[in-house]
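The lines below spell out each chain.
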Amino acid sequence: MATFSTSPVIASGDSHPATSPTLDIRAIVRRHGSVAAVDHVSFQVRRGEFFSILGPSGAGKTSVLRILAGFEEPDDGDVLIDGCSMLGVPPNRRPVNLVFQSYALFPHLTVCENVAFGLKMRRVAAALIDEQVRQVLAMVKLTGKEARKPAQLSGGEQQRVALARALVNKPAVVLLDEPLAALDQQLRQAMQVELKSIQEQAGLTCVCVTHHQEEAMMMSDRIAVMHQGRMWQVGTPREVYENPRTLFVSRFLGVSNELPGRLADAEGDAYFFQPADSELPGFPVPFHLDGSVGRPATWSLRPEHLRISRDRPITEDPVLPGVVEKVFFAGSETKYLIRVGRESRWEARATGARSSTFAPGDPVFLHWALDAGRVFVE
Amino acid sequence: MKRRSAGLNAVSVAAMLFLYGPILVLVLYSFNAAHLSMTWRGATLKWYGALLQDEALLAATWNSLLIALVSTVGATALGGLLALGMEQMPHRRQQILEGGLVLPLVIPEVMMGVALMLLFVMLRMPLGLTTVILGHIAFNIPLVTIMIRTRLRKLDPMLREAAADLGADAWQVFRYVTLPLLRPAIWGAVLVAFTVSLDDFLVTFFTAGPGATTLPLKVYSMIKSGVTPEINALSALLLVVSMIGVAGSLYLQRREV
Amino acid sequence: MPSEESSRASAAAQASCRPFWLALPGLLWMTLFFLVPLLLVLAISFASRGTYGGILWEFTWANYLDLLHPLYGKILGQSLWYATLTTAICFVVGFPLAYVIARSPARWQPLWLLLVMLPFWTNFLVRTYAWMIILRQDGLANHLLLALGLISEPLELLYTPAAVVIGLVYGYLPFMVLPLYVAVERLDPALVEAAWDLYASRWAVWTRVVVPLTMPGIVGGCILVFIPSIGSFITPDLLGGARSMMIGNLIQHEYLVVRDWPLGSAVSFVLMAIVMAAVVLYYRQAGGADGSSEGR
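Protein chains in written order, with the numbering used here: chain A, 1 to 378; chain B, 1 to 257; chain C, 1 to 296.
Check each hint, because a few of them may be wrong.
[Said to hold, decoys possible] Okay, derived cross-link-like pairs now, BS3-like style, lysine-lysine, Cα gap no bigger than 27 Å in a straight line:
{"id": "1", "chain 1": "A", "residue 1": "K170", "chain 2": "A", "residue 2": "K196"}
{"id": "2", "chain 1": "B", "residue 1": "K224", "chain 2": "C", "residue 2": "K74"}
{"id": "3", "chain 1": "A", "residue 1": "K120", "chain 2": "B", "residue 2": "K224"}
{"id": "4", "chain 1": "A", "residue 1": "K196", "chain 2": "A", "residue 2": "K145"}
{"id": "5", "chain 1": "B", "residue 1": "K46", "chain 2": "B", "residue 2": "K224"}
{"id": "6", "chain 1": "A", "residue 1": "K149", "chain 2": "B", "residue 2": "K46"}
Read the hints as simulated data drawn from the structure, not as lab findings.
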């Protein structure tokens, strides 16, 4: 479902109000000087849920995480964990544990001592510590590396130690700060799968901060998109990807093929979008909000919804002409950069046998299902 | 590239010879059997043996070690605490204190010597071991503080946050994370302070009284009163001791963990 | 539970004033045994000398005016000259050394630097004494020169200005090499190659690229050598003799021999002023360089 709202989400619409949330963030504000790094952010995380805060660098997501961990206090708002306010509670007394982006493994301690650190601080009996450390190291597949120092481990192994060091304390919420950012592409993908399976297996409640949209979508139950200190949309990966509320969310979550223009008057049941580029004809769109007709707007379509053909297709769906500018062969799929009108450039994708059909300079026709496109009114 | 390097290399080799030549000459001649002559008359250890017979020299050694030990312990404690305290102060205040701590390191030592002497005379404190130790602690505190601060600033602040996140209170963070990571720097500072105290001449010269003769003072008076072969042996010993001390300190500071 | 609450509250209160208490003993010590003595010297430099070497607390500029006497002026000028010459020689010897070290394989660099620094950490008195063995009338240098037939009778090497400058260069060369090494190490070798590629002669590569880009290190090294040289005491005392006195020797002379403390204090403060000027210069240029590299 589409809305045309451009205002940020103030309170998230939780679809399961019956279960009380493990984590309840209520309109927190954090100012650095006159700038609000975190501006009235609210969200709730249920037990066993993997919740990601996604946004570009400087969006304020790390500040949110540091407020949850207790390294920063919010200037306003409240943080509740299992119903208890965490305001004024120092980091060492909070039932949360953070997996640092840099891992922050203690270089002078072995793997075993690093993982045991939290239990030791809480003066758990030595025998119990041994047992729990052994279990959690088995879970992250580090058995046999107990006596090594962090410097003797690979990046992926260090990441697992950081994870184990947090998990062993059985925190109410595990906080992950760009957990996989320091790993190379292949390791990163393998760890995404593994982290997700550990989370499901152990029933962990996780809040993960990342700027990597694919990572967030693959691992999360729900995603919150953050930008300029505010939370713009909260929902399942599919919701935020397919029904972005704002142009920013649309662009940040994937490729957005766009046309600037305005929403024209309705003719019958259909509403028309008139591109600003006079070379292009208007085409029907399914959406409308009162008062938005005639206002400047941007129309957007995901590349996987875009179909290309050499001849004008016989269809009721919208059709636009274009010219293939560049062809990128990427193995499993071929990407086409297509010029539409005077200056818009769209991306289209083709897989399999159709891949080699078009060459740069070919005139093509672009079409899509009427309800796949989306309009964002400014 | 190669041809140009040749000229530079020649100057570098000459510079290294210049740095080590005199030291080698001194060590070599401490084994020369000849009395007061540059002519080589075979190797001997008799001058080293003579050192062991010299009662005054042994007393000076004892004084030097005592002063170095006490002033190192005092300066490490005071300077270490100062470094830890400074670390938690507002940035501006840290800069001011840092500037102040550099002052004792740059002002001419002779000036620090006379200033301390004036103070002790004005306070009517008899010059002796005590006054020397007070002065040595004063010039060692900035050294210790700066060395420990260097390490403190290199510490990843995330490590302390990680410890707090894992349930450590302020004392536990210090005890289990900060202190172990500082340990190499602390031992490095101890070695440097000990070496500097052992080697100091000027501050000692102005603040020592009768009965507080240290090794450098003894060496100075031996040099001034006429060259004897024992000085060569004593000098060689002092060189070796301070080289070992400093190499050890550098090794500790360089170690990652 | 309430006890735990209150202990936590007091811990928080403690945390806020902890830096002060941690720093206090060290700061007190430095105040009492460094700052106060310095102020004492400053105060005495404006007092006058009593009949038996004591101090009369009457404000006077007389001690500073006394320093205008040609005898003191000569020592002052001599000190400045020795220190400047030492700095220049250190630069000429130190730059090639620093350059070679910075361009040697990375794993050898720490060892080279250690070798440069090691003599500095050994006993200064002893190192200066080593030069007495070499330079004295029947010392190694004269022996060698005679053996080579370059001279027919021993030269007067010790107790000359040249001996003082050699001793100072020997003592403070490491201070020149370290900052220069840092500057050269930061200099991208590709810049040198680029200049070469763009038709610069070897000399032009040095004067137009290497020297301008390593200027912070050059200035830093020169000041670091100049400061201890101008304030040295041991080197001129052992190697220089009466004719090559420097400011440090004058201070010691006034205090311990003449026992004119006010005059000695005035000399001390002139020396301190020279040193502080050099320090300010050093921080001004180092501050600029650091600011750009650290971006704080």
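Restraint check for A:K170 with A:K196, where alpha carbons must lie at most 27 Å apart: Given pair A:K170, A:K196 holds - Cα atoms ~17 Å apart, limit 27 Å.
Restraint status (C-alpha distance of A:K120 to B:K224 at most 27 Å): Violated, at roughly 62 Å.
Restraint status (C-alpha distance of B:K46 to B:K224 at most 27 Å): holds, 22 Å
Proposed proximity, C:K74 with B:K224 (alpha carbon, max 27 Å): At roughly 25 Å apart (the allowed maximum being 27 Å), C:K74 and B:K224 satisfy the hint.
Hinted pair A:K196 and A:K145, Cα distance within 27 Å: Status holds; Cα separation ~23 Å.
Distance restraint between A:K149 and B:K46, which requires alpha-carbon spacing of 27 Å or less: The hint is violated at about 51 Å.
Comparing the model with each numbered hint stated earlier shows that hints 3 and 6 do not hold.
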